[in-house]
Each structure stands twice: as structure tokens, then as C-alpha cells.
Amino acid sequence: MAELVILIPIIAGIVALLIKKEYGRWLLPITGLIHALIFVFIWTGRVIPLFEGFVMIKPEGLLVLGLTSYLFVMISIYSISYLKEEKMENEKLFVSSMLFFLASMSSVTIANNLIVFWISVEATSLTSAPLIYIHKTKTALEATWKYVLICSVGIALALLGTFLIAIARDKAGLNIDLTFSELEKVAMFLNKDWLRIGFIFVLVGYGTKMGLAPMHTWLPDAHSEAPSPASALLSGALLNTAFLGIFKTSKILHLADIGNFSDVSLIILGLLSTFIAAIFILKQYDYKRMLAYSSIENMGIIAFGIGIGGIAAYGAIFHLIHHSLIKSSLFLSAGNVLMSFKTKLIDKVGNVVKFLPKTAIVLFAGFIGIAGFPPFGLFFSELFIILGAFRKGAYISVTIFIFSLILIFAGFAKYMIKILFGKEEVEPEIGENRWRVYPQYILLITSLVLCYVQFDQISNIMTSAVVIFGGR
Amino acid sequence: MISLSHIMLSIILLSLIFALNSSRLKILITVMFLQGILVSIAPVFLGEEISTTFALFTVITLIVKGILIPLLLMNVLNKVKMKKEIEPIIGYNFSMFIALFIIVISAYLGNEIHFPVGGNLLGITAIATILAGMFLLVSRRKTITQIIGYLMMENGIYLIGITLSTKSRYIVEFGMLLDILVGVMIMVIVLQQINITFHNINSSKLKNLKE
Chain A
1 MAELVILIPI IAGIVALLIK KEYGRWLLPI TGLIHALIFV FIWTGRVIPL FEGFVMIKPE
61 GLLVLGLTSY LFVMISIYSI SYLKEEKMEN EKLFVSSMLF FLASMSSVTI ANNLIVFWIS
121 VEATSLTSAP LIYIHKTKTA LEATWKYVLI CSVGIALALL GTFLIAIARD KAGLNIDLTF
181 SELEKVAMFL NKDWLRIGFI FVLVGYGTKM GLAPMHTWLP DAHSEAPSPA SALLSGALLN
241 TAFLGIFKTS KILHLADIGN FSDVSLIILG LLSTFIAAIF ILKQYDYKRM LAYSSIENMG
301 IIAFGIGIGG IAAYGAIFHL IHHSLIKSSL FLSAGNVLMS FKTKLIDKVG NVVKFLPKTA
361 IVLFAGFIGI AGFPPFGLFF SELFIILGAF RKGAYISVTI FIFSLILIFA GFAKYMIKIL
421 FGKEEVEPEI GENRWRVYPQ YILLITSLVL CYVQFDQISN IMTSAVVIFG GR
Chain B
473 MISLSHIMLS IILLSLIFAL NSSRLKILIT VMFLQGILVS IAPVFLGEEI STTFALFTVI
533 TLIVKGILIP LLLMNVLNKV KMKKEIEPII GYNFSMFIAL FIIVISAYLG NEIHFPVGGN
593 LLGITAIATI LAGMFLLVSR RKTITQIIGY LMMENGIYLI GITLSTKSRY IVEFGMLLDI
653 LVGVMIMVIV LQQINITFHN INSSKLKNLK E
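Going down the list, the sequences are from chains A and B.
Just so we're aligned, residue 1 is where the first sequence starts under the numbering used here, counting upward by one.
Just so we're aligned, residue 473 is where the second sequence starts under the numbering used here, counting upward by one.
Chain B with its partners taken away, still in its complex shape (with noise of 0.2 Å):
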């Protein structure tokens, strides 16, 4: 079990170089259907106890984050009429080279601080998609990648709560994947609205409001 879980979690990590090493946002949306399904099963190979609530909410949680909202994005990319893609402000090679110093930063963190439970690789994971959705956050200029940087971190920091060995009850974390899609559903719908009043999706021109 272990080394699968090893190798769900190395794909993870893969996913992030190529996340924000590619240059068009279907691939990026793909990636993100990839990561959510991993990272909403990833507590079923890390050893846990399989009651039926625990099923129940990895089901429910592989439908939100893997299935649901990639498919809004998904949806709202159809929509909105791209001129260009992704228009990076720092260029897909340098980004290329951020990605692996994330990961060695990331792996220098992880094996400095210990998580309780899922060993180090775990760790590296959760702390390496965190970072990586914060560069794609404030490193490219659609809206849309804006979102998907917001997602990677929130996967990233789903992964660290899976470290935590006693789990806040369930219906806890139901109203916290709740609060996520309400939260990517309203984002979307703001996007569509910037994009039929400005024609555009880029963040750049979102600038009328300054001192």
C-alpha cells in the first residue's frame, strides 16, 4: 500500500512541473482533474480505516474536487472566447525551472519538518503544491489561471490536513468542501460577467480602481 501510495503522490508532484510548464488551459484544467481525483483518494492508501462514512466522503469529496469543479472550468473555458492562451507574466521556461526549485524547496522542508502521519514524501507533496499554486496565482495574467492557482493551493493544504491523525468529524469537512465549490462557482460566475462587460479575461484589465 505504501508504495502506491508513493506513486499517486510522485504523480502529483509530476503534475506540477507540467502545470506550469504548459501553455494551453485545457491541458491545465486536465491536469487539475488529475490532481483533484488524486488528492481525494490519496487518505484511502495512506492507511486508514475504511468505515462506511469514511467511503461515503472520499465519494463525495472525489466528486467535488475531482469531478465538479474542473468540469465548471471546463465549462466556463467553453464559454469564454480565448484570444490567446494562458499569457504568462514570467516566461514557461523559467516557470519550468521555478517548478523544480519548488520541489527541492519543498523537499528541503519536508525533510526537515516531520508530519505526523504519511512520511516525508507526503509532506513534500502537500508543501510543493501550495507553493506551486501560489507562483501560478501571481505569475500569469488570465483570470482563469488565477483560479486554478487558488484550487492547487487548496488541494495542497487538503493534503496537509490529511496528515492530521484525528480527523475532525466529517461533517465538518463537508461544509469545508461546500465553502470551496460555493466559493469556485461565484468566481466563475464573476468571471463570465468580466468577460462579457470587458470582452476579455485578462487580469490586466482590472486595473480602473487604483490610487
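Here chain A stands alone, though its shape is the one from the complex (with noise of 0.2 Å):
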């Protein structure tokens, strides 16, 4: 029964609003353990789908699947620590809001109807909504009614193109699920035209929950106003999970043998992503906006990577997981930073090394690793992209691709030093605590870990998602 990955984390959730808050928030690991326990029977076979058709195991889903299930971990403990300090208005409904958010992302993950994944993606956007609001301020309001609008009415437009899709299987006569394993299988009968127009849609729906550019706008309104966890788990989990919708529809594209449509289309809205992040980057005053527009650059690279194929659809898919890894851990050290000074504003903070050490040595390597250096993983994943870029000959987009890069490498070093070297303006109030600071080091030794030594049984998972754009 994979389904307990979406079920258990909803009992959970009911129970949270149910018990006392101190209780409540145990609640949050042990879900995730349990939840990260299932993910491991699914992958290791010994638990299927009990409504096959609705939903299937595919490689990709389980990759995201267990990324979230992993991440959701880490947080979590983050979490309780958090939750123990910061005193939360609305704990509760933070706790069960969170847990409602990981069961509306498992089951995206596996969905493999269409339309059960897009009710499972605007269900995100509506377990989510709460955690950016929770605080009731002006500015989190502003975000969250900015948020649920946006991203309403995108994946409405995905719902469009999700109709679309079907009008081409009804054009051409085929009587079959809506599902996306049923259709890679007809995909070269489905009519051409309307599915072109469908990934029109499906592209600007979804990409509007994954925030590539120009749909993004909520996305650093929603990202700086969520309390850390939930813009740790919305960065390196959410982004993720929209993409999904966007990865299997260019993949019945790529099947229907007019990938080149979906491909230049992805590179279009990838590069636009990247770039805009970069400008934006340059001009920031508030550290956690940065690392929003962080993940728009990096949701950029994802596409761009898919968009060119080959050898960089590979490096798209170890971008995804190094930078949920590696951003889940910014957002978290970040949330430490704003607990001890109380301000987003990266003029009025600084020395965070004298502060907040342990913190300072996270975030710094967090920053290296965005920036795509060495050692993370970040690093081979943007190689992977460039070569693959060269290799297919888009000298132009990859030109603009590396300036975009190295913009925001300068963007983030600026302010990087700023904040950890820099003078402070305000006095530090709380000090760091070690369960604040365990979950970085260990996403960030992970994200090590999985970029030196090369498990079969993921790299294999790795390879199946990307077989159809030509990856290794």
C-alpha cells in the first residue's frame, strides 16, 4: 500500500490539532521517520500501489519521493528545536499544516493520472498557504494572498492543459486513462497540435508553482515571509514536486517525437529563470529573498538542463537533488540568523562568524555550494549541463547561461561576506543550539556523500528518469 506515504502523514496531521502543542510537535519526526520508512519498501519493491492506475511508482516520482521523505527528516528535527525557542502564535496549526503539506507532496510524487496530480499540486498550494501566513503580518499576508492567487490561477491554466492533453488522445481516438503511463505508450498517435498547445499550458502552470521566470513572482514574497522550515521545505521540496508535472508531460512530448518543441521551450523559460534571478540577486537587501531568488535561478538551471538533453538532462537531475539538499540547509542556517538578530535585512546583520559560529561554517559551505563549486554536488551538475550544452552546439544559450552564473556568484559573495564578516548593526538576542545546526551539517555531508560515492541502486533511478531525453 504506497498510499500510507499520503495517508499517514494526514492522520498525523488531525492528531496534531488534537493534543497539546508541546506533544504535537514530536509529531513532525515521527512522521517523518515512519513516512521515510515507508519510502524505503516502496523502493525496495515491498510495497505497491493499491489503486494501480491512479498511482504508480516511476522513477523520477521516487526520486522526489524520497528527497522530500529525507528532507522532511532533517527539518523536522530543525523544527522542534525551532518551535521550542521561537514562540509561535499558532503552533499548532503550523505542526499539522506542515504535515498536510508533506502528504499533499507524496502524493504528487506518485500520482500517474493527470488530473489526480494536478488536484494533488493545488493541494500543495493549499496546505501550504497557512505556513506563509501564520505570523499574521502585514508583509505575510501580502505573500500568502499573493501566493494562493498566483498559484491558483497557474495550475489553473494547468488544469487547462491537462483538458488539452486529453483532447489530443479524444482527437485521436483512443479510449484510454488519462493517466501518464497510458499515454507514453500512444503517445506517437495522440494529435501533435493539441498536444503542443497542452504543454503550453501545463509548462506555464506548473512553472508558475516552480517558479521559472516570469511567473515567479511569489515566489521570494512567499519564500522570506514563511518561518525557516517551511521556506526549507517549500524551496527544497515544493519546487521539486512542480517540476514533476512538467518532467512527465515533455516526456510524453519527447515519446510523441516532437520534443524539440518542449525542449526549446524549456530552454527559453530555463535561461529567462536564470537570468532574471541573476539581476535580482545583484540588488538584494533581504538575505532570505536572496536564497528565493536562489532557487529561481537554480529552478532555471533544472529546466535549461532538461530543455538541451543528453548528458545535462542527467546533470538536471543531480542539480535537483544537490540543491534541495544544499538549499534546505541554507534556508535552515538562515533561519538561525534571523532568530539571534530578529531582522531579514543584510544591512543590520553581520559577524555572524563571532555570533553564531557553527552556524557561520554551514552557511559558509552552503554558500559554496550553491555558488556551484567544489566539492558539492552542485558543481559536476552544472558541468554536466555546460558540456551537454556544448555538445549539442547552443553556444548562445550557454553564454548566456555561464554570465547568468557568474552574476550571481558575485551577487551572493557580496552579500555572503557581508553577513557572515560584515558589521553587525543589531545585537545578536539568541544564541545557536546544536539541533539547530546538526540537520545543515548532515544535508550538507549528504550531498557530499552522494557526489563521491556512486550507489547503483540511485544512480540507476537517476539514469531510468532521463532515458527518454537521451541521458546516459
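No lab work stands behind these hints, which were simulated from the structure alone.
This list has only true hints and no planted wrong ones.
Per label pair, the in silico range of CB-to-CB distance:
| hint | chain 1 | residue 1 | chain 2 | residue 2 | range |
| --- | --- | --- | --- | --- | --- |
| 1 | B | N592 | A | G45 | 45 to 51 Å |
| 2 | B | N680 | A | F41 | 44 to 50 Å |
| 3 | A | L50 | B | K551 | 39 to 45 Å |
| 4 | B | T669 | A | Q454 | 49 to 55 Å |
| 5 | B | V576 | A | K92 | 49 to 55 Å |
| 6 | A | K20 | B | V654 | 25 to 31 Å |
Facing chain B, according to a computed beta carbon distance under 8 Å, are these residues of chain A, among others:
| hint | residue |
| --- | --- |
| 7 | N113 |
| 8 | I119 |
| 9 | L126 |
| 10 | A143 |
| 11 | V148 |
| 12 | A156 |
| 13 | I167 |
Cross-link-like lysine to any residue pairs, in silico, SDA-like; alpha carbons within 20 Å at most:
| hint | chain 1 | residue 1 | chain 2 | residue 2 |
| --- | --- | --- | --- | --- |
| 14 | B | K679 | A | L345 |
| 15 | A | K136 | B | N674 |
| 16 | A | K136 | B | M657 |
| 17 | A | K138 | B | I668 |
| 18 | A | K136 | B | I661 |
| 19 | A | K136 | B | V552 |
| 20 | A | K138 | B | N672 |
Ideal Cβ placement from N, Cα and C applies to all residues, glycine included.
With the hints in hand, could you dock these two chains into one complex?
The structure is reproduced here in C-alpha cells:
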């Protein structure tokens, strides 16, 4: 019963609403661990889906599910300590929303029916909205409003795209269920024009959720206003799940022999996202927003890599994994800085090295990682993508791509140095706590280990996910 | 039966002009009542086989789309003190022109591309409703009108869903309805909170978060 990954967090979420908040917060790591355990069973094939047709375990889904599960465990360990120190008014709502959010994301990763997939993505918006709204400040309200409205409209367009793909099936006179697996089998017979229009709407729709420019406007607001554990989950896990929709649809287009169309669209949106993120990172005043723009950049890189195909597609999947690990660790560290300094303004914080030494190390390591330097994974994935682009002869795109990466590094370096070593304007109030630092270290170490130790099981999943895109 | 469905679809088309031209929120929400009801019973008139599950599903859709969601909006409208009415960014006369333009464009598109079921008018109405909803979303200042714009878009997309020959299973459609209902509920809650915090529901007040 693979559906347990959805069911258990939902039950835990309901329980969290009913019991005292001091106990309720422990439900986060407990559920996370059970979730991870079920994931391992699914991975090893001991647990299979009950509702075949609606649900199916695919390599890309399995990868994102595992990643989500792992991140959730780490973030929940952090959250325990975070919730103890940060007096949150609505803690019960926070805990149960986190759990519901986990359920909806798991549902996205295992959904096979296109409409079930859509329902799950919409559910991720609805369950994460309370997380952004939780502080009830003016800015939080604004961020929630933008998030709910922009994402709902975007996802409505994705529904339209889904219907258009269904029409592509009807026009071809095929009497099959509207599932990814069935559509992949008959992709050659689908009506190509309808499939193209459908893909555009799906791309715009799920692209909104994934944070691709120019539909990204909700993302910096939502990620900076949400409490840090929620931001880490939004950036590390949610964006990946939205990406799955584009990935799977693009797969159908490739099988229908019009992959070129989806590739070009993905390359354009990917480059635009990286470029826009680069411009906005250069003049940033808020460090959580800076991290949010970096997420837009990385989503752009993933889209670009998939669009290029071949070794770059493999690089994109590699990038997805390592971006999630490093970015969540950065958001959690940023949470520590925010808790101590009580401000998100880069100008006011400084000298983190002195006040929060452990956080400073992990923050700096995360910065090295996210900027794409060795020894972390993003170095290799970006290298794969650039190599792939050169091999394909996409010289202009790869120039824009590298140029944006350099800009982003420049912006990031300037502000990170200010935060770590610069002069502070406010005195930090709370020190660091080891439980709010260890999860970040573990996340970064995981990223390192996955880079240098080749686990056959994992690399097989990655390869089989991108086989259609010409990945190795 | 065909002619009846044509009349219904025409009423939906007319309601769009009405919605884009109206200056009062009450009228706009009334249009949403009408549209919700018509859209949810439309499949009955498009010659689908009537079975028990189909009837049950139509009734549920009717309750959610035609009654519950507009009632939620009406309710929030009464709670929120409205100083001015709709406050368009684009004036009513021009909006009227846009409405007609949208219908012409949709007629062109609807005749160019043939939807499998329901004839051209269904396609035209669906496209026009989606476009009108999008226009409402961007051209009005009040947050409540943005919700209405979103719902209108959703109605249009629902109409396109009707054109699918093999319908997806009802349990799936039920999930969709639930999602939209919960979505609107969350929007309404946020809207009320915005009203309490900002003493206003203009989206122009929401400009603190900027680069």
C-alpha cells in the first residue's frame, strides 16, 4: 500500500490538531521517520500501490519522494528546537499544515493520473498557504495572498493544459485512461497540435508553481515570509514536485516525436529564470529573498538542463537532488540568523562568524555549494549541463547561462561576506543551539557523500528517469 | 435538446458582458451564481447518458459551484465594509468593448479549432469565459474581484472539461471540486484578514513586498 505515504501524514496532521502542542510538535519527526521507512519499502518494491491507474511508482517520482522524505526528517528535527525557542502563536496549525503539506507532496510524486496529479499540486498550494500566513503580519498576509492567487490561477491553466492533452487523446480516437503511463505508451498516435498547446499551458501552469520566470513573482515573497523550516521545505521539496509535472509531460512530447518543441520552450524559460534571478540577486536587501531568488535560478538551471537533453538532462536531475539538499540547509541556517538578529535585512546583520560560529561554517559551506564550487554536487551538475550544451552546439544559450551564473556568484559572494564577516547593526539576542545546526551539517554531508560515492541503486533511478531525454 | 443547450451557452456569453460592465459587486456575484448554476448543469443538456452517478455528480457540482462558492463570496462581501465599489483599473466602457472583443476572438478561435463534443458554441463560450476571467483578474483593484476572475476562469476550464469524450472517473472530478472549494475558502479567509489588517481590500495596498 504505497498510498500510506499520503495517509499517514494526514492522520498525523489531524492528531496534531487535537493534542497539546508540546506533544504535537514531536509528531513531525515521528511522522517523518515513518514516512521515510515507507519510502524505503516502496523503493525496495516491498510495498506496491493499491489503486493501480491512479498511482504508480516511476523513477523520477521515486527520486523526488525520497528526497522530500529525507528533507522532511531533517527539517522536523530542526523544527522541534525552533518551535521550543520561537514562541509561535499558532503552533498547532503550523505542525498540522507541515504534515498535510508532506501528504500533498507525496501524493504528487506518486500520482499517475493527470487529474490526480493536478489535484495534488493544487493541494500543495492549499496546505502550504497557512505556513506562509502563520505570522499574520502585513507582509505575511500580502505574501499569502499573492501565493494563493497566482498559484491558483497558474494551476488552473495547468488544468486547462491537462484537458487539452485529453483532447489530443480524444482526437486520436484512443479510449484509454488519462494517465501518464498510458499516454506514454500511445504517445505516437496522439494529436500533435493539441499536445503542443496542452504542453504550453502545462508549462506555464506548473512553471508558475515551480518558480520559472516570468511567473515567479510569488516565490521570493512566500519564501521570505514563511517561517524558516517551512521555507526550507517550500524551496527544497515543493518546487521539485511542480517540476515533475513539466518533466512527465515533456516526456510524452518526446515520445510523440515533438520533443524539440518542449526542449526549446524549456530552454527559453530556463535561461530567462536564471537571468532574471541573477539581476535581482545583485541588488538584494533581504537574505531570505536572496535565497529565494537563488531557488528561481536553480529551477531555471534544471529546466535548461532538461531542455538541452543528453548528459545535461542527467545533470539536471543531479542538480535537482543537490539543490534541494544544499538550499534547505541554507534556509535553515538563515533561520538561525533570523532568530538571533530578528531582522532579515542584510545591512543590519553581520559578524555571524563571531556570534553563531557553527551556523557560520555551515552557511559558508552552503554558499560554496550553491555557488557551484567543488566539492559540492552543483559543480558537477552545472558542468554536465554546460558540457551537454556545448555538445549540442547551443553556444548562445550557454553563454547567457554562464554569464548569469557568474553574476549570481558575484551577488551571493558580496552579501554572504557581509553577513558572515561584516559589521552588525543589531546585537543578536539568542545564541545557537546544536539541534538547530546538526540538520544542516547532515544535509551538506549527504550532498558530499552522494557526489563521491556512487550508489548503484540511486544512479540507476536517475538514469532511467532521463533515458528518454537521451541521458546516459 | 440542442437548442436548449445553445440558449444556456448564449446566456453564459451574455453574462460575461454583464460581468465586465457592472459597477456593483453584488451584481457581479449574482452573475457568478447564474454562471455557476448554468455551467454545472450544462453536461445534462449536451446529450450525455444520464446515470445515477452522473446525476449525483451534477447535483454535487451544482451545490458547490452554483450555491456554496457564490454564497461564500456574498457572505464575505457583507462582512467587509466596502467604501467604494469595484474600482476598475480599466474603465467600464472600455471593459465593455473588451468583453465584445473577447467574444469575437473566441468565436474566431472556436470556429478554427473543433472540440470533439458539444459543437462550436461550447468551445466559444469556454474560451470567452476563460479570457473574461483573466481580464477581470488583471483589470480590477479589489481583491474580491480577483477571486471572481479566478472562478470565472475555472468555470471556463470546466466547460472545456465537458468536451472530453471519455470523462475521467467521478471520484477524480470530485477531488477537483473539493480543491476549488477549499481554495476559495482559503482566499476568503485571507481576504477577511487583509480587511482587518489593512482596513481595505484593495490589492493596491499590497505593495510592501517589492524589490
